[in-house]
Amino acid sequence: MYFKDLTPYQYLGREPDPNVLTIGWLDADHDFPKGIVSDAILERILVLCFKPVNPTRGIHQSPFIRGNPKEPSRAYPVEYGGKRMALGNAEIRVSGRNGKIYAAPNLIYHYMKDCGYLPPQEFLEALMD
Amino acid sequence: MKTWLLKYCWLLSWLSFAANALPSITPIYDVRTHLTSMGYDKHSVSAITYDSVSALLGTGRKTRGSADRAAFGKSVEFLAAETGMNPNILSGHGELIVDNASPITIVPNGTSLTVWTEHGNTISDALGNAIETGQPITLEQFPEAAGARSYLPGSVVPDYTLSPPFNPDLNIMGNPTTVSTPTPLSQLLKRGMGNVNWAACLYVK
Chain S
1 MYFKDLTPYQ YLGREPDPNV LTIGWLDADH DFPKGIVSDA ILERILVLCF
51 KPVNPTRGIH QSPFIRGNPK EPSRAYPVEY GGKRMALGNA EIRVSGRNGK
101 IYAAPNLIYH YMKDCGYLPP QEFLEALMD
Chain Z
1 MKTWLLKYCW LLSWLSFAAN ALPSITPIYD VRTHLTSMGY DKHSVSAITY
51 DSVSALLGTG RKTRGSADRA AFGKSVEFLA AETGMNPNIL SGHGELIVDN
101 ASPITIVPNG TSLTVWTEHG NTISDALGNA IETGQPITLE QFPEAAGARS
151 YLPGSVVPDY TLSPPFNPDL NIMGNPTTVS TPTPLSQLLK RGMGNVNWAA
201 CLYVK
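As you go down the protein sequences, you meet chains S and Z in turn. In case it helps, this note's numbering puts the first sequence at residues 1 to 129. In case it helps, this note's numbering puts the second sequence at residues 1 to 205.
It is worth saying that the hints were derived from the structure and are not from the lab. Glycine is no exception: its CB is placed at the ideal position from the N, C-alpha and C atoms. Be a bit skeptical, because a hint or two may be false.
As the list claims (entries may be wrong) - A few chain Z residues that face chain S, going by a derived Cβ cut-off under 10 Å, partial list only:
| hint | residue |
| --- | --- |
| 1 | 124 |
| 2 | 125 |
| 3 | 159 |
| 4 | 166 |
| 5 | 167 |
| 6 | 201 |
As the list claims (entries may be wrong) - In the DSSO-like style, the derived pairs of lysine-lysine whose C-alpha atoms are separated by at most 27 Å in a straight line are:
| hint | chain 1 | residue 1 | chain 2 | residue 2 |
| --- | --- | --- | --- | --- |
| 7 | S | 100 | S | 51 |
| 8 | S | 51 | S | 34 |
| 9 | S | 100 | S | 34 |
| 10 | S | 51 | S | 4 |
| 11 | S | 4 | S | 100 |
| 12 | S | 34 | S | 4 |
| 13 | S | 4 | Z | 205 |
| 14 | Z | 190 | S | 70 |
| 15 | Z | 205 | S | 51 |
| 16 | S | 51 | S | 113 |
| 17 | Z | 205 | Z | 190 |
| 18 | Z | 190 | S | 51 |
| 19 | S | 70 | S | 34 |
| 20 | Z | 205 | S | 113 |
| 21 | S | 83 | S | 4 |
Please construct the entire structure, taking both the sequences and the accompanying hints into account.
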């Protein structure tokens, strides 16, 4: 599911909310900005992944990992602080300035870590606030 | 109230006719669209759809469902007895695995299938819980349920795959049927099951 960064969030049939903005809803058909992010930001994202929001009953496999098309989708395994989980069916939320909330798929961790995705600066600042 | 009851009785009669007429009429029947066209409140349509189809095809409480089960064998009872799980609710991660062609299956006699979103869409874990516990389902609370529909016996449906409810973990409630390995819908639907609810996504891989 692709959404352009910083557009009103409207996943799961909900009405667009101008205060909730999408971040990191990538697919293989759209280019995305690339750059390097610090380990601290990646760790912050990973921590948020362990507080999943809006879990769904389907696994979204990364569009940037080749799998067997005949096999079920595979989630992206992560580990932090001795805990393990798999990414690909939930979101994270980050509170920003002026009442903004950023909604990202939890695969954003993989997109940033492995694919070089560079989210908008205001999102990165909100993460570290 | 009287008007509502008349509409409901008329609806059940119509559904009975539709079921008996199968397969001479198109087997795919979107109950929700029909109910909406009758003037039902869109927020209560999903719940009515579930109740109507359950009443028509049976969940063990209705005469019609019991008759279906007697006519079509005991596979459902065997399944439930062996696993202790409710065979009428299928829970887990769901998707349609499309390689070169889109796989399909046919809903067996005495069984209907209710899916709770549009083909290709996802459902929240919370909607899955509402299905599992029989809570009222409204579009106001679960907007992703738009496009929910029931397929009557003989309907051609996508052969969705149900995967285990872990990795990532889901919050499963009640005692629905889950699987330990990815299993196609065609292996989960049997004859005479009554109404079966798919409490999983319809995501297309």
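How the hints compare with the structure:
1. 124: holds, 6 Å
2. 125: Residue 125 of chain Z check passes; min Cβ-Cβ to chain S is 4 Å, inside 10 Å.
3. 159: violated, 13 Å
4. 166: Given a least distance of 8 Å, the restraint on residue 166 of chain Z holds.
5. 167: holds, 5 Å
6. 201: Status holds, d = 3 Å.
7. S/100 <-> S/51: holds, 19 Å
8. S/51 <-> S/34: It holds: about 26 Å lies between the C-alpha atoms, which stays within 27 Å.
9. S/100 <-> S/34: holds, 23 Å
10. S/51 <-> S/4: holds, 24 Å
11. S/4 <-> S/100: holds, 16 Å
12. S/34 <-> S/4: holds, 15 Å
13. S/4 <-> Z/205: Holds: residue 4 of chain S and residue 205 of chain Z sit about 21 Å apart, inside 27 Å.
14. Z/190 <-> S/70: Measuring from Cα to Cα gives roughly 24 Å; hence the hint holds.
15. Z/205 <-> S/51: Given pair residue 205 of chain Z, residue 51 of chain S holds - Cα atoms ~26 Å apart, limit 27 Å.
16. S/51 <-> S/113: Holds. Residue 51 of chain S to residue 113 of chain S sits at ~19 Å (cutoff 27 Å).
17. Z/205 <-> Z/190: holds, 25 Å
18. Z/190 <-> S/51: violated, 39 Å
19. S/70 <-> S/34: Since the Cα atoms of residue 70 of chain S and residue 34 of chain S sit roughly 31 Å apart, the hinted pair is violated (cutoff 27 Å).
20. Z/205 <-> S/113: Cα-Cα ~24 Å, so holds.
21. S/83 <-> S/4: violated, 32 Å
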